[in-house]
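Residue-level listing of the chains:
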Amino acid sequence: MTSFNAGRLALEMRRVTKHFGATCALDDVDFSLRKGEIQALLGENGAGKSTLVKIISGALKSDRGEMTLDGRPYHPSDPLAGRQSGVSMIYQELNLAPHLTVEENIMLGREVHAGGFLKRREVRKKIRDTLEFLHHPEIGCDVPVRQLSLGARQIVEISRAIMDKARILVMDEPTSSLTKEDTERLFQVIRKLKTEGVSIIYISHFLEEVQDVAETYTVLRDGRNVGTGSMAETTLEEIIQLMIGKKITDLFPRVDHERGEAILSVKDLKGVQMSEPVSFDLHRGEILGLAGLIGSGRTETLRAIFGLDAAEGGLVDVGGVKVLKGRPWLMIENSLGLLSEDRQGEGLALSRSLADNITLSRFSPYKKFGFLSVKKRTQAAAQWINALKIKAQGPYQTVASLSGGNQQKAALARLLHQDADVLLLDEPTRGIDVMSKSQIYEWMSRLAAAGKGILFVSSYFPELLGVCDRIAVFFRGQIVDVRAAGDWRDESLMAASTTGKA
Amino acid sequence: MKRKTKLQAFINLLAPFLGLILVIAIFSSMPDVQSRFLRIANLKSVATQSVIVALGALGMTLVIIGGGIDLSAASNIALSSVITAYAINAGLPPLLGILLGVLTGGLIGFMNGVLITELRLVPFIITLGMMGIARGLAKWIANNQKIDAPLSWVNDLMAKSPRPSWLLLAPGVWLMIVFAVAMAVLLRYTVFGRHVFAIGSNEATARLCGVRTKRAKVIIYALSGLFCGLSGVMEFSRLTVGDPTVAVGLELDIIAAVVIGGGSLIGGEGSILGSMIGVFIMAFLRNGCTMMGWPNYIQEIIIGVIIVAAVSLDQIRHRRAA
Amino acid sequence: MKRKTKLQAFINLLAPFLGLILVIAIFSSMPDVQSRFLRIANLKSVATQSVIVALGALGMTLVIIGGGIDLSAASNIALSSVITAYAINAGLPPLLGILLGVLTGGLIGFMNGVLITELRLVPFIITLGMMGIARGLAKWIANNQKIDAPLSWVNDLMAKSPRPSWLLLAPGVWLMIVFAVAMAVLLRYTVFGRHVFAIGSNEATARLCGVRTKRAKVIIYALSGLFCGLSGVMEFSRLTVGDPTVAVGLELDIIAAVVIGGGSLIGGEGSILGSMIGVFIMAFLRNGCTMMGWPNYIQEIIIGVIIVAAVSLDQIRHRRAA
Amino acid sequence: GGKDQAAAAGEAKVFTIAVIPKGMTHEFWKAIHAGAAQAAKELGVNIIWKGPQKEDDRAQQITVVEDVISRGVAGVVLAPLDDRALVRPVQEAMREKIPVVIIDSGLQGKDYLSFVATDNYQGGVLAAKRMGDLLQGQGRIFMIRYQEGSASTAERERGFLETVTKEFPGLKLLVKDQYAGSTTETAYQLAENLLGRFPDVEGIFCPNESSTFGTLRALQESQLAGKVKFVGFDSSPKLVQALRDGHLHGLILQNPVKMGYLGVSYMVQYLRGQKIPERVDTGVYLATKENMDTPEIRALLSPDLSILD
Ligand SMILES: Nc1ncnc2c1ncn2[C@@H]1O[C@H](COP(=O)(O)OP(=O)(O)OP(=O)(O)O)[C@@H](O)[C@H]1O
Ligand SMILES: Nc1ncnc2c1ncn2[C@@H]1O[C@H](COP(=O)(O)OP(=O)(O)OP(=O)(O)O)[C@@H](O)[C@H]1O
Ligand SMILES: [Mg+2]
Ligand SMILES: [Mg+2]
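Residue numbers (this note's numbering), protein chains in the order written: chain A, 1 to 502; chain B, 1 to 322; chain C, 1 to 322; chain D, 1 to 309.
None of these hints come from the bench; they were simulated from the model. One thing to keep in mind: the hints can contain errors.
Unchecked claim - Example chain B residues on the side facing chain C (calculated, C-beta under 8 Å, incomplete):
id: 1; residue: R120
id: 2; residue: F124
id: 3; residue: I126
id: 4; residue: L128
id: 5; residue: G129
id: 6; residue: M130
id: 7; residue: G132
id: 8; residue: R135
id: 9; residue: V185
id: 10; residue: G249
id: 11; residue: L252
id: 12; residue: A256
id: 13; residue: V259
id: 14; residue: I301
id: 15; residue: V311
id: 16; residue: L313
If you're wondering where the values come from, they're calculated on a predicted model, not measured in any experiment. We treat Cβ as the ideally placed atom computed from N, Cα and C, and that holds for glycine.
Okay, chain A solo, but in the shape it has when bound (with noise of 0.2 Å):
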């Protein structure tokens, strides 16, 4: 109790709400930071974590409620008041401009200049020094955003956000597609601010994470504020208790399932950017894990699999059909299907429906002589909202209005609907709930029962090892090392991964 009450308030909101048309997303939430803390924001998916904190900086207004900031009435008109406030924030969907350089993008809005014109020199070596301490020098400064990895893209949010000096910063899943390495470095920096007097609000579904660099807590659940208190105080049942309503029992639920004939065989694939070409088998009931780090070329791998992305050469043979040159529409007449790592730029249609998205890939079933029954279609998009607890109004929300987690929930939906005897997941549980993935992990395990092969790249390793039958390690766009998951550590797949050696 003692280290929980001390300090001096940073920031304080009293009985905040949020109204989104019918849904209530906060309700009269109190809220409250002192300076130095480092505090935990949890929650399931749509629990109101991202309204929550883009109320504090600026992004929304709130429909009502108090906010002091150091004791003063803090309302920020928007993001650029919330900013010059001294709150810097990362935020769930990554905020860059694709067509803007590294740099222009981390200076953007505080561009250091003489009279209205930009001084380059000086802010260069400073974004240089912060990468370099971010490890990853090799995110050159001139490289225009849009040929950046998702993962790199993550690397330069963050920088963008600690190099801010910043009193109080808001990091909203900063390592949805990290790997545990960038974790590790990014909780040094962390408690490095700390030191230096800055309060961090820190949202993720990775918990154990969490246990790991939050001192406090806080709990939202369909927005209201279920519980505070101190991380050291408590222990993780607890926290998912405070979540959820209920106890988990589970987190890696199997349903046994037999490894088959091979269905799917990549031979010698090569894409543009990869420096070895790629061999494997995937199996029918076979969930085969890839790991590795930003930038390893596993996203490569599946795009080139799918057609997504011309390769160089190679062979893909899907249940005996050989596919050179893939289109996607092929690979799907063919029974595979593609989740996308970034869903707002790819894997969803925005501002289309939950109905519309979720049966994109598969209209067959409401088909008759040609024309689509739209009542059967929303009815089976009702099912899959069901299905997967996805929360919403109902089938024809438009999936720009859902949370992020909410959303890649719907993507899955699509892919599962889909029905494909072969699955490519790209980071498939990336912003979802402790509850949620326990559930996806179980469908994967009943999908590979019926006979399916998945491929499931992850940079969790947890869940790689928690899930797979085999997962294989890609290094500098190869593969280097291929075991069955009781043959992985934890620390074997980290060093498989940063070295390269097994």
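For chain A, the structure is supplied; the task is to place chains B, C and D with the ligands on it using the hints.
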């Protein structure tokens, strides 16, 4: 929940009509033209005047929902009308002339689609280029003149008082109605229609979900071209000559109609009903302003204001609905 | 790495010129006009002819990089030229006339910006509406006629053979050069320029990063309007009359120039140098075709083809670079 | 200066003469082209026929004049879109020793050799007189205007308007400030809408071919053709047919073939050192159903364009 969406659906349905109702109400209450404005004869002529823009707007709606734009529409209309006139003038049977006109339109649209997908260029540029090319071709074929084709039944398609008088409206108006319904069904109740929305909303997603985006886009532009071709035939029918200079700048009217009707130039949004309402808003505005005898510049200003107002209304409605 | 980017920068620099060089090379090799095409006098007249489109393109580049579009540019030019003529005709000193013309342009642009940001409507619609409004106003003010203002030094601004002959080029051409350099500097070396790129690339991001997007957009459109105003003054200077019907459809030429020069209608890309090259490609094409005495329809077709070709070239270059 | 130089070059050199119309797609300009081509053929010179890219765009016509100057031609025959705006380019041509003959519409100043044109005002007067005769001085009429900023049609409109007010006070103008716009379709719509408002109109005047044809179509569609007295301007095959059918009751005709012919031949005569007149009126004529088959009027109604093929 269910009722809410029904109510909202009703509002969504009514709201675009509001602009139209407003325009009609304004002119019907003007003492000068009151008695004349809502007469059947006037409504008939507004309907007939709308056919050309409406047919163009049917295709343009598809294109705009798919996230594209077709600046060549008006030139295409002119080219098709010239081709029809040329063919009929050369002694071909009128039906063949019509077919050639429509196919010419389709061909130009098809080329738009192929160039856009193969060169991977923004539609704005390809269709801007095609705008010049089609107009140039039209003038070339017509030898910089009007083509005086002999009168035939083709010219009755747009007759305000149709030949079998039980038709009530010009055959062209019926064609417009039939095609509008067909397109609305296509967009809403077919896989292709859903694909068009998906492509417009996020092309990468559509590709990922197995939509053959290239093929779909070629079909979209070709269809749009066919409608322009048909519109060109109607233009010829109306004018009785093939005039290569006709419809200059009409592409902006067509686009405006679609956008007034709720089409989003970012793609993924729009409806046939909305576009048709957009067409009629503009047609009634022109008709009413002329009847009032207002100078053309006032008319130009008013139409500009209405375009902005109609779209703002729509925007506000959307924002409230969200 | 360093060398690679330098080489690439060089290619990037040269590539847009390629189109221009090609066009010039073609006409310089035509036996009919060979000897005349590259004469100083002809280059001077091409330069003078380009001023109006070029000034419009300076503002349009800004707008397009910022992810917008300005369809009212051409009407705005006409309105500003009418206002200048009106003011001078009413006996105001020429300088004041110029000022009023430029400010009128700026005001229209400012209104565009305010409406776009306040009504949160797509620029296409607002500027389409404004296109009608400005044109209508121009006709109204000019009373549907042209305004014959007394000749003054204003009309020397666009004289092909400038008064103090050491100027070599018309003062208008010098103005164009000075403003082009200023705008290039603004875009590349100032915070505002950086923000324009950011807004065009991802407006939400720009806002979240603390860019005052609304204010920036209003400034963008107002600046674009000011350039249209200046362009209108030049138009008046060239015509010696204020003509409300001038420059119809010129907005598409202006936009085409920007896009040929590498501007992306999705925003976030474009350059002043590129746009100026685009302007000159079109100007030399027109000039060459006229000198060759080719019929207009051929010219229209060729320009259409060149627009597509130039942009494809640019696209291919980009793809190779990526 | 140019005269001596040209004369020195003598018959050995084939002159190239630029003929610059206001637009290229109206029948009227076709006829001018035919006249010019006829003269060129007879006199053994070349012509470049080149109008502004966009019909009726002043700025682009200036560009065309500048470009043909750059190209270097022996002379320019120009139908100026504006009596003021084209003054400077014409002066520039003179400075480059390229003589200019003006056709169709006037140009301020005196920097040209000769002016060959119709008296447009007179055309309007003729139309008004015909209208007065047809309606016996009593009735409700429209005058539909062509387009904003077009000088020659504005003259015709002025001629018509002034004559009506002066000589036919019994004619009531229901509409006099509506513009048909540049294309047939826009004219058609305007006329249709006007007829919807004033179905009891008794007479209509249109000042050029496209507005006449558009209005004719609207009348035909409303079953009013023949009932409403209709006077138009300029000719095209459809209008000739309408005259024959009694749908048109008068067409004011110019003589564009002669205009083109004289424009080029005066230019050549000047270049060959001969003297040429300063002002030539090519005349306006009234075509009616009665006189349309006289050889003189027939030649004007359906000019022989075969030379262009
Ligand atoms: N723009 C919007 N329009 C409508 N509803 C919205 C909007 N933004 C958020 N919501 C709703 O508000 C609720 C809270 O969303 P929020 O994004 O705060 O959740 P979250 O806790 O961040 O979830 P996640 O862990 O999935 O990111 C959700 O039900 C969501 O659907
Ligand atoms: N920091 C970077 N700078 C430039 N390019 C990068 C960077 N990181 C990744 N890339 C590009 O991405 C390609 C492969 O990345 P890919 O997305 O396939 O990796 P991944 O293993 O899926 O990692 P991630 O977790 O980032 O998605 C690389 O070959 C490289 O071209
Ligand atoms: Mg969130
Ligand atoms: Mg990846």
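Hints the structure fails to honour: 9, 16
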